[in-house]
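The lines below spell out each chain.
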Amino acid sequence: MLRLASGEKVLSYVLILPASLFLAAFFFVPFVQVVVEAFTGEEGFTLAHFRTMADDWKFGPALANTLGLALVVVPVQITLALVMASLVTRLERGRDMVLYVFTIPLGISDLAAGLIWFALLEQNGFLNSILYGLGLISGPQNLLDYRNTAALFAAVVVAEVWRATAIVLVILVAGMGLIPKEYDEAAEVFGAGPLKRFFLITLPLLRPSLQTALILRTILAFEVFAVVAVLAGNNLPVLMGETYSWQFDLQDHKVASAYAIVILAISLAFTVFFLWALRDRTREAAA
Amino acid sequence: MADIDIRQVAKRFGNHQALHAVNLTVADGEFVVLLGASGSGKTTLLRIVAGLEKASHGTVIIGGRRVDDLPPRRRGIAMVFQNYAVFPHMTVFDNIGFGLAMQKVPAAEIERRVRRVAELLHIEELLKRYSGQLSGGQRQRVAVARALAVEPAVLLMDEPLSNLDALLRLEMRAELKGVLQESRTTTIYVTHDQVEAMSLADRIAVMHEGRIVQAAPATEVYHHPATRFVGGFIGNPPMNFLPAEREGEGARVAGHLFRDAPAADAALLFGIRPEDLVPAGKGLAGRVRVVEPLGPHQLVTMDLAGHLFRVVLDNDLAVRPGETLTLAPRPGRVRWFDADSGVSLTQTTQPEPATGA
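One line per chain: the protein sequences are Z and L, in this order.
Under this note's numbering, the first residue of the first sequence carries the number 1, and numbering increases by one thereafter.
Under this note's numbering, the first residue of the second sequence carries the number 1, and numbering increases by one thereafter.
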């Protein structure tokens with residue numbers, strides 16, 4: 001019995017070995033390298049690269065834009081996905097079809113998504129053509145004017161919402177499917193209308209899925225890059241874009257590593273926050 | 001308090017006819033049990049009364065009001081679900097008070113009523129706990145308390161005891177009966193357990209393949225089954241059935257002549273409960289195959305003219321396998337059925353109330 005148990009234990013380690021090696025080689029080693037790069041100079045440990053980063057005039061706007069985009073995009077996506085998921089789960093027929101259509105943007109790379117929205121919004125794009133065709137404007141309007149940061153910000157928000165809401169939707173639809181329908185029925189029998197049922201029953205019971213979706217989407221929101229690069233270029237600096245530019249344009253991988261560390265720190269902080277804020281409170285109440 | 005009138009209610013799921021024009025009336029304060037095997041349509045009927053399922057045809061009237069187009073929350077009902085459906089993210093207190101909070105009852109009044117039903121069901125110490133910290137039996141009490149707290153006109157219960165272990169089920173059954181007797185709430189209770197049905201019901205409605213085949217008090221359902229199905233479904237061991245040959249005024253069953261067979265054109269089927277037979281000099285004779293001592297009684301399985309026949313006999317009677325045993329029915333306990341339709345041909349003590357078409 002004991003031998004069998006220890007044999008199984010060895011087997012389980014053997015089975016996770018390839019995945020562990022993969023993680024070590026392609027995630028942990030580069031991660032350590034980035035940390036070393038970010039914190040070392042010619043005389044060993046230094047914070048000089050972080051100082052260089054912070055002193056750059058683009059650091060402030062990049063940080064503000066990245067946080068701002070995440071704070072606008074993620075709540076909009078969660079709200080939209082909740083509404084869409086409620087509608088999808090209510091469908092009796094064609095549910096899978098609707099879900100497939102909703103998730104089409106997931107199959108498109110963020111760069112391609114950026115290009116699609118660029119084609120829509122640019123000076124000679126589809127939106128201008130339609131508005132002109134309808135006689136609403138007299139000539140081409142520059143919707144992506146580099147002087148109008150708010151418009152650029154809005155364009156990125158719209159493109160991001162279009163591109164990545166579906167992943168939240170998929171998580172929430174799966175989560176709603178896990179809630180036994182008796183809870184909803186019980187609430188209905190005991191007097192709760194549709195809105196009350198959503199806010200008092202569905203939403204609280206969806207907590208684990210919401211937590212997953214929030215963490216996943218927020219981390220990805222801090223890594224926003226290609227869509228911004230296409231729609232706004234350098235006029236809307238973001239952290240990931242600055243990392244790229246320090247690494248490849250300015251060839252200073254020390255400062256680029258410092259940026260990467262900042263992005264990691266923010267992601268970690270938000271993950272911990274969501275884990276704490278949406279924890280299961282029913283377990284900790286003393287009996 | 002309200003009565004329930006179910007008229008010609010039918011339900012179709014795709015190609016499957018779950019209910020065929022069911023009629024049932026439940027008097028104010030009456031406790032009716034819908035009893036049937038799984039797939040008999042009993043839960044579907046309950047859910048139609050609740051408003052959780054829409055009838056394909058027919059009408060449900062609760063307290064004189066047609067409720068077919070009303071959502072569940074406007075029907076004046078409360079329900080206990082099979083898996084309890086105690087909200088896991090709310091405390092026991094909030095669960096029990098949920099219905100009252102939805103009715104915007106003042107907080108002090110909610111507090112008072114929650115404490116009262118919690119006391120009734122002996123769960124006062126659990127009010128601050130969450131569902132995850134409760135046992136199955138405790139969760140069941142919370143579900144019942146939540147239903148009683150709103151003081152509904154009609155209480156609907158869907159197999160509320162089926163997820164409990166046997167001992168707890170027995171305990172809860174007795175307790176439920178006590179609590180519900182006191183409240184005198186009109187109740188429809190769904191179960192597949194005939195013992196549960198017999199112990200709780202004022203009246204049992206036996207369901208089979210989407211129809212109510214008999215609706216009557218427990219003793220009548222037991223002693224005067226309306227159809228062969230009811231006789232075979234209710235009672236453990238079930239009723240014995242033997243083919244009968246008409247002979248003049250009477251009928252011959254396994255070689256024995258019964259003189260008082262009903263005068264009907266139909267082919268006859270003879271039926272008798274296993275405990276309604278006594279050893280006799282002449283009567284139904286068969287070979288004993290198995291003897292099972294059951295404490296107060298013994299269950300004897302015999303071979304009677306090629307048919308399996310079960311008898312419950314007193315323990316003091318020495319019966320051994322291989323012997324021939326001759327049995328006579330107790331007076332007035334033989335039931336005759338139409339062999340083709342299965343409908344009872346024996347006059348019941350009182351005329352049958354409305355059963356399913």
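The set of hints was computed from the structure by calculation and includes no laboratory data.
Fair warning: this is a prediction, and the values are worked out from it, not measured in the lab.
Don't be surprised by glycine CBs; every beta carbon is placed ideally from N, CA and C.
Hints are not guaranteed to be accurate.
[Said to hold, decoys possible] Simulated crosslink set (DSS-like; lysine-lysine; CA at most 30 Å straight-line):
id : chain 1 : residue 1 : chain 2 : residue 2
1  : L       : Lys54     : L       : Lys128
2  : L       : Lys128    : L       : Lys104
3  : L       : Lys128    : Z       : Lys181
4  : L       : Lys177    : Z       : Lys181
5  : Z       : Lys58     : Z       : Lys196
6  : Z       : Lys181    : Z       : Lys196
7  : L       : Lys128    : L       : Lys177
8  : L       : Lys54     : Z       : Lys58
9  : Z       : Lys181    : L       : Lys282
10 : L       : Lys104    : Z       : Lys9
11 : Z       : Lys196    : L       : Lys104
12 : L       : Lys177    : Z       : Lys196
[As the list claims (entries may be wrong)] Beta-carbon label-pair distances, calculated as ranges:
id : chain 1 : residue 1 : chain 2 : residue 2 : range
13 : L       : Gly132    : Z       : Ala277    : 31 to 39 Å
14 : Z       : Ile108    : L       : Gln8      : 32 to 40 Å
15 : Z       : Glu122    : L       : Gly132    : 48 to 56 Å
[Said to hold, decoys possible] Here are some chain L residues pointing at chain Z (derived, C-beta under 8 Å):
id : residue
16 : Ser56
17 : Gly76
18 : Ile77
19 : Phe93
20 : Val105
21 : Ala107
22 : Leu127
23 : Ser135
24 : Gly136
25 : Gln138
26 : Val150
27 : Ala305
28 : Leu308
Enumerated hints in conflict with the structure, sorted upward = 1, 5, 8, 9, 10, 12, 13, 14, 16, 17, 19, 20, 21, 22, 23, 24, 25, 27, 28
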